[in-house]
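Undergrad: Under the numbering used here, think of the first position of the sequence shown as 1, with each following residue one higher.
No wet-lab data here; the hints were simulated from the structure.
Since we're looking at a predicted model, the values are computed, not measured.
All C-beta atoms in this analysis are idealised placements derived from N, C-alpha and C, irrespective of residue type, glycine included.
Don't take every hint at face value.
What the hints assert, rightly or not - Across the chosen pairs, the derived CB separations fall in these ranges:
id, residue 1, residue 2, range
1, Lys89, Pro34, 37 to 47 Å
2, Lys96, Ala121, 13 to 23 Å
3, Ser40, Ser101, 33 to 43 Å
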Amino acid sequence: MRKIGAVAATFLLTASLTGCGALPVGRSAASPTPTAVAESQAAEAFAQESAYLSALRQQLRTTDFSAPQLWIDLGRAVCKGFDEAMTPKEMFDSLKDAGLSEPEASAVVVISGIHLCPEYAPAP
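Start from the sequences and build out the full structure, keeping to the hints where you can.
TA: In structure tokens:
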């Protein structure tokens with residue numbers, strides 16, 4: 001029994017000296033939790049999508065936007081196309097081939113670049 005107590009005491013002493021289980025010292029700031037990061041990204045995506053839909057509604061006053069997720073998906077597909085090095089003309093043609101009118105296809109390409117993937121926004 002004495003041997004087990006001595007081993008346990010040695011283990012605890014070693015653990016405390018090496019910092020095992022100790023609080024970190026010298027950290028300047030707490031890193032954000034994965035939940036906070038995900039919430040921030042979701043809020044940013046929602047703001048982008050809201051601005052995108054608002055701009056589309058303003059540009060295409062007679063178009064039916066009763067299925068907003070469809071329009072968001074089209075805009076995200078444009079961004080993916082840009083990521084894959086497609087040109088705006090290729091994206092425009094692809095959207096027209098999918099059944100959008102010329103004004104709709106043009107608005108989706110341009111407004112997607114402005115609001116959903118601003119790194120591809122047209123130059124002023």
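Undergrad: Look at each hint and say if it fits the structure.
TA: To see whether the hints hold, each was checked on the structure:
no.: 1; hint: Lys89 <-> Pro34: 37 to 47 Å; verdict: 40 Å, holds
no.: 2; hint: Lys96 <-> Ala121: 13 to 23 Å; verdict: 21 Å, holds
no.: 3; hint: Ser40 <-> Ser101: 33 to 43 Å; verdict: 36 Å, holds
The structure is consistent with each of the numbered hints, conforming to all of them.
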